[in-house]
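In the order they appear, the protein sequences are chains A and B. Number 1554 in our numbering belongs to position 84 of the first sequence; there are no gaps in the numbering. Number 824 in our numbering belongs to position 8 of the second sequence; there are no gaps in the numbering.
Since the hints were derived computationally from the structure, they do not count as laboratory data. Here a beta-carbon is modelled for each residue, glycine too, at the ideal position from N, C-alpha and C. Treat each hint with caution, since some may be false.
Stated by the list, open to error - Pairs of lysine-lysine residues, derived as BS3-like cross-links and limited to a Cα-Cα distance of at most 25 Å, are as follows:
# : chain 1 : residue 1 : chain 2 : residue 2
1 : A       : 1522      : A       : 1578
2 : B       : 870       : B       : 905
3 : A       : 1581      : A       : 1489
4 : B       : 896       : A       : 1522
5 : A       : 1580      : B       : 896
6 : A       : 1578      : B       : 896
7 : B       : 835       : A       : 1522
8 : B       : 896       : A       : 1581
Unchecked claim - Coverage of chain A stretches by chain B, computed from C-beta distances (three or more under 8 Å per stretch; other residues unrestricted):
#  : stretch
9  : 1486-1498
10 : 1512-1523
11 : 1575-1582
12 : 1585-1592
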Amino acid sequence: MIAIQTNDVDIGALIETAKKKGTGAVVIFDGVVRDDDITEMELEAYEDVAIKELEMIARDATEQFRLLHVDIIHRIGRLSVGENILIIVVSAGHRVEAYAGSRYIIEKIKKGVPIWKKELTKDGGRWVPGQHSS
Amino acid sequence: MWWYDNKKNNTGEEEVTVKIRFFARFRELLGTDIVTDVAPGTMFTSLITTVAKKNPEGYAAIFDETGAFHEFVILMRNGKRIDIADADKTVIADGDEIAVFPPVAGG
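Please model the complete structure; the sequences and the hints are all you need to start from.
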């Protein structure tokens, strides 16, 4: 599943779905809202483009690391401290490919997918600085 | 694909209709989903300059004091990135969706 959505997901169910014939390792990346003295975090996406780019990243990772299954769920809207922001589930025959595939996906998302975060504080808010890369 | 039919302006010249989408801080300053008609042959940079000038803070967020895009600004036309160096020679076409946004920070 590749999705941008407001709702949280059942990570346990995703792990079960990720287990395919030949799976020997499933790696989960769960990015959460850190308690940096904020009240909430607000996330925004250029959804049409972001979904296409996430799909392309998943395809590239699958090919490059021989993954058996990939889920990428990026949440948007207002999230509280401790809530899930981004869940990446990858399944592979061995841990080396699973870890490498998961790392590839998160770094690609950080580098280029059009999604932004704003930290909301008692005094207002500030946009999290992004990477200067396209 | 978002699309409108061509229209004619008061000189009878066909105009092109485009949608401009700003995101994150740019959206807060300038709004988003701005639908506007422009003359045929309008360039990407010219279009964004005109729209951004409606709010000095929004303009300053996107352009430097020489009127050039800040190097960190990301430009898209119909979901594809455009180099800043090409923006002043990229002609806007009818039905284009133009996006302008700051560096991304997802994940």
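| field | Violations among the numbered hints | value | Those not satisfied are hints 3 and 9.
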